[in-house]
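*Asks:* Heads up: the protein sequence lines correspond to chains A, B and C, in order. Take 1 as the starting number for the first sequence in this note's numbering and just add one per residue. Take 306 as the starting number for the second sequence in this note's numbering and just add one per residue. Take 628 as the starting number for the third sequence in this note's numbering and just add one per residue.
To be clear, the hints were calculated from the coordinates, so they are not data collected in a lab. Heads up, a few of these hints could be off.
[Unchecked claim] As a list, the in silico DSS-like pairs of lysine-lysine whose alpha-carbon atoms are at most 27 Å apart:
1. C:651 to B:394
2. C:742 to B:394
3. C:785 to C:915
[Stated by the list, open to error] Coverage of chain B stretches by chain A, computed from C-beta distances (three or more under 8 Å per stretch; other residues unrestricted):
4. 566-574
5. 593-606
The C-beta atom is built at its ideal place from N, Cα and C for all residues, glycine as well.
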Amino acid sequence: MLYFIEQFLNGIQLGMLLFLLAAGLTLIFGIMDLVNLAHGSLYMLGAYFAATFAAWTNSFVLGAVLAVVATLVAGMVLEVIAIRRLYGRNHLDHVLGTFGLLLFFNELVRLVWGPAGMTLSLPSEMLTAVQIPPGLYYPAYRLVIIVVTLAVALLLYVLVMRTRLGMLIRAGASNREMVGALGVNIKLLYTLVFGLGAALAGFAGLMQAPILTVQIGMGENILIPAFVVVVIGGIGSIRGAFVAALLVGVIDTIGRAFLPDLLHRYLSENAAATLAPALSSMSIYVLMAVVLVARPEGLFPAAGR
Amino acid sequence: MSEWRKDWRHGPWSPRIVVNAGLVTVLALVPVYAAFAGDPFAMTLFSRILIMAIAALSLNLIMGFGGMVSFGHAACLGIGGYAVGILAKEGIGSGFVQWPVAVVASAIYALVVGALCLRTRGVYFIMITLAFAQMVYYVASGLDRYGGDDGLTIYHRSQFGPFDLNNATLFYYLCFALLLASIYLVWRIVNSRFGLVIQGARSNEPRMRAVGFPTFRYRLVCFVIAGALCGLAGALLANHTNFISPAMMHWTRSGDLIVMAVLGGMHAMFGPLIGAMAFLLLEQGLSHVTDYPDLILGPLLLIVAIYVNGGIDGLLGGPRRG
Amino acid sequence: MRRMTVIPAAALALIAGPALAQQKTVKIGFISTFSGPVAAIGNDMKNSFELGLDQHGRKLGGLPVEVIYADDQLKPEVGVQKTQELIESDHVDFVVGYIWSNVLLGSLKPLVDSKTMTVVTNAGPNQLAGELCSPYVFSTSWQNDQTPAAVGRYMNEKGVKTAFLMGPNYAAGKDMLAGVQTTFQGKIVGQELTRWPDQLDFSAELSKARAAKPDAIFAFYPGGAGIQFVTQYVQAGLKGQIPLYTAFTIDDLSLPRLKDLAVGVPGAQEWVNDLPNDANKTYVADYKAKYHASPSFYGAQTYDAVGLIDSAITAVNGDLSNKEGMRKEMEKADFKSVRGDFKFGNNHIPIQNFYLQDAVKNADGSYALKTVALIVKDDQDRFHDRCPMK
């Protein structure tokens, strides 16, 4: 039972990370109707910024704060220079353009930071496992990720539900034309939303950096699962993204944890060992296909779309 | 009547016709160049371009003309390739068996996926086609007997009686002929009544339904045809590289196919060929001149997406939006 | 892919015609990974190769060298294409490199079909040692099983009774996990093959390892994945609980980033930077002087390829068409290897020693890998019987 809880926590932790990425992605998707394949690049930038700033300031927390600000600025600059020109075009132009950006950022990072990648070291007190109930060891830093991310999710909720900016964002997600008609500076709103999404992605990147290290192309592995989360949750819905992220995180982890043993009962050891990782990787795509066949607009379709 | 068709009759010396004719001529002469310059790799490279052009063409049929943006088209390429690879591994070397199996297997995959996916629209369609492709990708990674993640070397190319596909020139012209035949096939489809319904359904599906066309079935058939054609490309690709691996169905490969189709010009018959050629030659060429090729290729794609309507073909003038 | 040296002599030969044509160059195609997260490995190999060429005055067996570097992008199908291009378009005399077993397995057919002289400097899939061995393909590394088998012996010495095995799900990963089981006499209480190369989070697998309560964990995670694995192992609080034994997981490239996390984690290797032979001392000193870093075993194996090729071309007096002559010379392994003297088996895989290495912190605060002991002497891989070459 304790073992199951441990694996469940692993799933939650992965889910929280996916949520950080998916929240920005779903906002950008919902409000600007933009398919952004370069979202993973912002995740990568966040991690590189954090590693660099943490090395300069000798402080993990200070480095993290600076990195979030830097990714926010980078996102807004990117929006003004390039992304803005893709609004209103069809999705294919988005795929082509942001695919180009993804290639560009990978190469840029290699040019600036070199091919070797970087390490974002944790304070040494984070390098242990804590016992939550006695007997259940869990890595301290992964607990931190869960707690901090929950706090960010809460902040995001307050921002979206309780502030004027949030009201505009919600309005934009359900009816873009109307927000424009209200006399809101729509250009500025778009820039802010993109910056917010970038900052969230950057934050996800830097939180993950001590676990996965900082390297080129780190955003591509996580981008597609993040898209899966967005689509399952319903495009434009932050609540949907939250539920879907937890669902995807838990299903993926549980699959990896228990599928090999299950398969082993029916197959030879070798076949089971090869097949299990493949099948468990498939699980989230099966989930997405099932959800979409049953509900073509995701679990929580944003109203008016 | 579709726009490009009017354009096709724009005159015998329109830039588009001159460029396309020039392109076909150049492609026909590649083996001659390879022989004279002692550079057999030119033929290897261009065989690959021709094969990817067939795959991009099949994607363009559903995407450019049918408005069905599949982000998982590389799965069909992979299924075609794996059909050849698996049969070869099991000792069935005859191309008369391998290739039809490749085509039919891809068509069946497209039928199943299409039947499930065509209910969704827009981004959801993009994502669900991706989901199915990812599943196939992981299934292939799990095929222990056929190499799993490592892929599988194909020791003998498909056997077609007296025709030896190991002969690079013969193989090149086979790809060339199949590409031209595919372009002709797509051209016929697009201009048939069936094709007009598909294009009508792209711009206004409710109206086509109201007029009485069972658009779902039409679109599904179109999807299956594209899948079958891409399966053929997969069989060619497996023979070309003598190697198959799950990597040929990775989502970035599906992305490459989209890039080729969009880059070349989606509403043009020769667009996918132009796109495949431009993309692969750029990739190849840039890696020779710089250690950071994507620093140039990336912004180039962005610029094409922002400023060039209708891809490279759009640069040739004529009415081009649709 | 980029030509690193433009040889004026080659241009001259073209202009002056056959009269000068005997001043040939030897063309070497070099395939490794130069992009993405593992580009550091490719760079280390390239650096070592360039260093070796510099030390030879950029001539091998008297012929000026032209190297064409190609990036396999860690993808088997790209590796095949680049291999074909090197053979068909660049007409190279030698192909050197290959980090990854799966990339090598994909590229082997064009290499063997064209009878191109090949020196594999890292990848060691069992097929290459066994049924797919080829007269023109040599390895300066090992067969994948050998290193983990040495680790297995060491685990026996340490009295490990139960072990949990982890590695990535690709050709080498499977070989490695099989390799440790050939010598390890205890019980395997669990093994995990993780998705490769895109799974970097091992939380579920580490939880499983903890739950299995083994005496030890054995892991194989090459390149950047090694950093991720060891980091997560430490973060999970396992370092004090379940000892970790590794193969190719901690190397001179990852140690500067792992630092304290890696100290005390043992591994096995056929080469360590402090091996006390003259060739190695020169190599390590020159490498450090030129690149201001420690070379890794990837680099060492690649550096050896320079010596091997030099011996071959010298033996045939620069007649590169004499492949039989070059093959016979290479089979003697008659050059100064940085791992010390070794012999080739019938399958052209080295028969060599394997050492126990440990990561230590020096007095000046830097970190280094040290040789602790010899685990096994003159080890030959267990697949050589399957190789039809005798």
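*Asks:* For each hint, tell me whether it holds in the structure or not.
*Replies:* Right, here's what the structure says about each hint:
{"no.": "1", "hint": "C:651 to B:394", "in the structure": "violated, 42 Å"}
{"no.": "2", "hint": "C:742 to B:394", "in the structure": "holds, 23 Å"}
{"no.": "3", "hint": "C:785 to C:915", "in the structure": "violated, 34 Å"}
{"no.": "4", "hint": "566-574", "in the structure": "holds (count 3)"}
{"no.": "5", "hint": "593-606", "in the structure": "holds (count 9)"}
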